[in-house]
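From first to last, the protein sequence lines are chains A and B. Each residue of the first sequence is one higher than the last, beginning at 1 in the numbering used here. Each residue of the second sequence is one higher than the last, beginning at 1 in the numbering used here.
Do not rely on the hints blindly, as some may be mistaken.
[Claimed, not checked] FRET-style restraints, in silico, Cβ to Cβ:
(1) A:E25 with B:A618: 37 to 43 angstroms
(2) A:G28 with B:S633: 58 to 64 angstroms
(3) B:S530 with A:V48: 25 to 31 angstroms
(4) B:A497 with A:P122: 55 to 61 angstroms
Think of the hints as simulated: they come from the structure by calculation, not from any bench. No experiment lies behind these values; they were computed from the predicted model shown. From the three backbone atoms N, C-alpha and C, an ideal C-beta is built for every residue, glycine too.
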Amino acid sequence: VKALPIILVVDDDAGIQQTIGGILEDEGYQVVSAWNGQEALQHLDGGVQPVLIMLDLQMPVMDGFAFAAALDQRGLRARAPIVVLTADGRAPQKAAQVGADGYLTKPFTLLSLVDLVQRLAPASDA
Amino acid sequence: MSIVRAIATSSRAQTDRTAISGDYVNLSQAAALLGVSRMTVWRWVRSGRLPVARLGHRTVRINRGDLDRFLADGGLGRSATYPAQQHNSLDLPVAQPDGSMMQTTTSTHTVQFYESDAFLLDAVAAFLLAGLRAGETDIVVATPEHRVELDKRLRAADLDLTATRAAGRYVTLDADETLAQFMVAGQPDAGRFAAVLGGVIAQAGSEQPVRVFGEMVALLASAGNHPAALRLEELWNLQQQRQKFALFCAYPLRCFGDVADAGALSAVCAAHSDVVPTESYLTLATAGEQVKAIVALQQKAQRLEAEIAERQRVEQQLREEHRLTETLYQISAMITEELDIATVVQTVTDAATNVLGAAFGAFFYNVTNEKGESYQLYTLSGAPREAFAAFPMPRNTAIFGPTFRGESLVRLADVTADPRYGHTAPHYGLPPGHLPVRSYLAVPVISRAGEVLGGLFFGHPEPGVFCERAERIAVGIASHAAIALDKARLYSREKEARDAAQRALHLRDEFLGSISHDLRTPLTSITGLSQLLLRQASRGPTTESERVTKALQQVDASAARMAAMIDELLDLTRLESGRPLSLNRASTDALELVRRLVGQHQRGAGEHRLTLDTDLAALAVYWDSARMERVLSNLLSNAVKYSPDGGAIVVRLSSEQVDGQPWLRLIVEDQGLGIPAADLPHVFERFHRAGNVQGRFKGSGIGLAGSKQIVEQHGGTIAVESRENAGTSVTVCLPCAFTEEDDA
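In isolation and in its complexed conformation, chain A is listed as follows (with noise of 0.2 angstroms):
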């Protein structure tokens, strides 16, 4: 069996982290939940392969900011790319401001959603 390509989310809501985990499972990835940017480093370091990572600025512990620059530092950039999580008006700024490769502004749909990981990390390719 074929193992699912996983999606690492990390936000400390947890309700964005079941939203999230709950569409793009039914989307057929396997999602990896973090609270923080410590926490996902953990995840990154003890073995786990993402093909994309969403990723919230504002979170207690390890921010987005400081979580981008740990993989700059320990070269883990080209690994997956990232996606920003924000509800700031100033998205695209953001977004540049850490390197992602997109971002999505909270409220998001479904579909939007779906969307952008389909179009950076294709279920059928992985």
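Knowing the structure of chain A, use the given hints to seat chain B on it.
What follows is chain B alone, placed relative to chain A:
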């Protein structure tokens, strides 16, 4: 030395000649005595013909004895024609109205002063008539009116004027036209004058003596051009050295009506061989009357001089007052436009120190900061700041007190001699090393509302520097300073208010951004999960009821969260408008609520260890659970959020008796970032966020403000203790039971 000896010698020899100025006369007086121009005297002096005594660098005096010897030796260039009475010219010439005084002269140069035209015309007519009767030729250079009048008078004397004129013995010229022929740039030109007048005189005097009446000098003098008139007199004198003719000039005395014209008058007199006073003197018949007139004139002169001196004194005073007003106006203009307090006080101090002639000045002024604490600042003028840096601020001593209390002005000619001086420990007077002060002037600066804004102090090392006038100036400056300071303070308060409003607007913007962020997150869950469920349902009946239930639970929870947020917002608007919350009190177990919330927050806290420390088994309270939940939630999420490095978060719950009533004490402690001391007083202000978290952590800045509102409405208190980088502890005390007045 030689001058002193000369004065001593001559004063012995010439005791009777003191009518002008003792034994010495100046050049103008010599010229008057000799009947020549001042220039002529000066030429004789320079050529050594007339000995002089020099008194100082510029002052030249001629000894009366030398003058007499000069006259006796015939040193006068034209002594042959010099009239006999000139030798004794201190005696005033007594002219006869018929002009006979001039009859024997051929080259005299007479000046007649007059008050009325009629008198002048009579005198001139007599002069002219005497000449014509003696077979001489008359030349008249006069105004048209005077020429007409002279014609009339001559005809009235039975003279056949037409025949005389036809014979060329009565020549009339217009004064203005003649003047115009030789005036160049406001001055008579020597060459042109000689050509014009010399020609006329030569033609008229080829066979007989010539008399000239000229009033061109009078025209010039009347126009105020005294230098030109004098120069013209000189040219006439020069002309008389070339040609023989008797010259009659006349000046209306009003030409010399001004004090400043005294010099011009004496110069005019000096330029003439004969000086004839006005009719008011000449018409006196006897010598006795004339002497009385002289005495009266002397008294009048004395009185005028006294009047002039008084007027000059008053004028001087007015000028000083004007200068003072001007200075005060300038200071006022400078400072009323200025809105910066420091600039106002510096400008005032500099200007006042300067105007008062103080060695140095200081302005001590009271300032109130935004916390309402008042203190005193000072600015200096005339002394460097270091000169005062070593001394404490002046205190309420006997000398300073009246100024700082705004009671009165203090002006002392010598502060060290004042009985109030030197009674205050530790220095008993000026502290050692202080700038020396003898003269002292201090004036309080008091606002229109009567508030003492400060005091202006001036000092000088010499005693008696500040006069009564300085006192008035200082009071004037102080009142200007008070107005300017009032205005500047008003402006600065207004600016503070404006800045505060600006800050509030900024905070409000941040708050709106933050609240919209907070609302968007649960909305995302509601939208996303609903769409997922719809999509799954559209594929046909699903058996995964567990997943559906979980999703719907999350939708429900997110909606509840949004509802709670909206409640919080509504509470906030009530807080803002000053309206109390309407609490929904119900009996609740506080311990159960705290435990549940600690558990919830532990789930999302990652690295943090949340512990509940309590000896209680249950704690019955009567409060608005939803709102108290919001308070606790706030405290816990703050503790987690602002402890980015994790660490222990301890929640202590205990109960105690206060005035026989059960109270709850809840403490939330973290080991996080802490709150900077500067922000600590503001933590309960809406939208305020501490400097060390703003921009780093999301938040609206309303949590604690809302919490305080809720706790206080429950009759409790909330307090924050914190040290930056050491952690924060929030203590909430609440009555467990409900008493009526709590909700009042």
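We went through each hint and held it up to the structure:
1. A:E25 with B:A618: 37 to 43 angstroms: holds, 42 angstroms
2. A:G28 with B:S633: 58 to 64 angstroms: violated, 37 angstroms
3. B:S530 with A:V48: 25 to 31 angstroms: holds, 29 angstroms
4. B:A497 with A:P122: 55 to 61 angstroms: Distance hint for A497 (chain B), P122 (chain A) holds at roughly 60 angstroms.
Violated hint for the displayed structure: number 2, the only one.
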